[in-house]
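Engineer: Sequence:
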Amino acid sequence: MSIFASNPTAPITQRFALVVIAIVCSGGTVVTGRADDSGLWPQWRGAAMDNHADDSVTLPRQWNFDTKENIAWKTKIPGRGHSTPIVTPAGLFLTTANADEGTQSVLKIDGVTGHLVDQFVMHRNTLPARIHPNNSYASPTMAFDGEHLFASFHTDDSIVVTAIFPDGRQIWRHRVCSFTPSAFQFGYGASPVLFEDLIIIAAEYDGPDSGIYALDRATGKQVWKIPRPENLNFASVAITEIAGQQQMLIGGAGQFNSYDPQSGRQLWSVPTTTEAICGTVVWDDQRVMVSGGNPEAGTWCVAGGGRHQMLWSNRVMCYEQSLLAVNNYVFAVADSGVAYCWRTQDGKEMWKRRLFGGGISASPLLADGHLVIATERGQVFLVKAQPGRFDLVADIKTGDSIFASPVAVGNRLYLRTGVNENGGRQEYLVAIEN
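Just so we're aligned, residue 1 is where the sequence shown starts under our numbering, counting upward by one.
Quick list of in silico lysine-lysine cross-link-like pairs, DSSO-like style, CA-CA up to 30 Å: (1) Lys76 to Lys397; (2) Lys108 to Lys221; (3) Lys74 to Lys397; (4) Lys384 to Lys352; (5) Lys68 to Lys384; (6) Lys397 to Lys108; (7) Lys74 to Lys384; (8) Lys68 to Lys108; (9) Lys108 to Lys74; (10) Lys352 to Lys397; (11) Lys108 to Lys76.
Label pairs and their computed distance ranges (CB to CB): (12) Gln286 to Glu349: 18 to 26 Å; (13) Asp156 to Trp268: 31 to 39 Å; (14) Arg175 to Asn64: 40 to 48 Å; (15) Asn434 to Asn328: 25 to 33 Å; (16) Leu116 to Arg354: 32 to 40 Å; (17) Gly359 to Phe184: 16 to 24 Å; (18) Arg307 to Gln246: 15 to 23 Å; (19) Asp346 to Gly102: 45 to 53 Å; (20) Asp55 to Arg353: 20 to 28 Å; (21) Glu69 to Asp285: 35 to 43 Å; (22) Val121 to Asp400: 25 to 33 Å; (23) Asp400 to Ala129: 25 to 33 Å; (24) Arg315 to Ala129: 34 to 42 Å; (25) Val121 to Lys348: 45 to 53 Å.
Hints in this document: simulated from the structure, not taken from any laboratory. Where a beta carbon is used, it is the ideal one built from N, C-alpha and C, also for glycine.
Using the sequences plus the hints, can you model the full thing?
Structural biologist: This is the structure we're talking about:
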């Protein structure tokens, strides 16, 4: 029985704190990097889904991947994946896939030492026949509800979610839906998202099962389904409170939609955005924003609390990477390698600066007052998160290619990077600290 059973609607961060206390009181070992109770990273974009690190985080300003300066550890990762690591009291978890062996797995890593503790094979010989070369067979980030882990994979022409304990024991497995894209066989990327007693899965493609699904966290049984247009979309949902109302937000299929996450009922819809969105919606206290690029490139801002209409837009494309909202400003790193800051009220450009020549998949992270920006060529930029002026703090090569988004917990920055070794690409998970 979950220790959350008496209050399943408690905020996620509060429930994680209870789990840490329970583990400590029972004599267990808490492993959260350099273990700060407030600094867990339980799902895609963190507990609040805003990609903001905890206020207690101390961000390293300098490191060297090759000499190991300020590198606590770097661990070889078997296979390949684009999922972001999650940080739990039991260790770090991420997914990977081995195309040669036909496996999709969950990896467990000791947060203190970086030791690869275990590899739990979830699926074997059921990989999709084709995916986009920039995608992976293990792109969705896992989720942790304080007791159980949830891993979602595109496998056997389906989306399948498995709930496991941190020691790898399976609790349940559920085939969410068929997933057989026709026009574009690019694979899958949406991450499972926690809300109260639900785990919510977006599975949008050009087929009859296209939809957003809510499963019961305890059993895996379907609670509700939102039919979505038969249109290939890659976005994860985001859940937050805007204007006193819980909203589940998603862009794509030429729409900007808000739903009640408890029931799946649509709250509002605005006919804007483009067909395919990879990024997750961001927000301030009144507005919601998203960017995309297929077939129309742009960034769109919609009123989220009352007047449900488009407020402003521009032609800047952030196709795979999400935006980052901080107070009443939104930061973007375009596919072209140009960084922007806009005012959310009206879209006014506060600054614009080229950082690199293009090629980015990872979403920028807010940590210790800085934007952490990682590129497909392994560059990591630290930029002050301020609207007044552009201020580049660091530009540090960290491996040769980064697709997974950075994570910062305690005094550590975690990066999943690839290195060209022995004629192939070897992935590492790197823990960086001052």
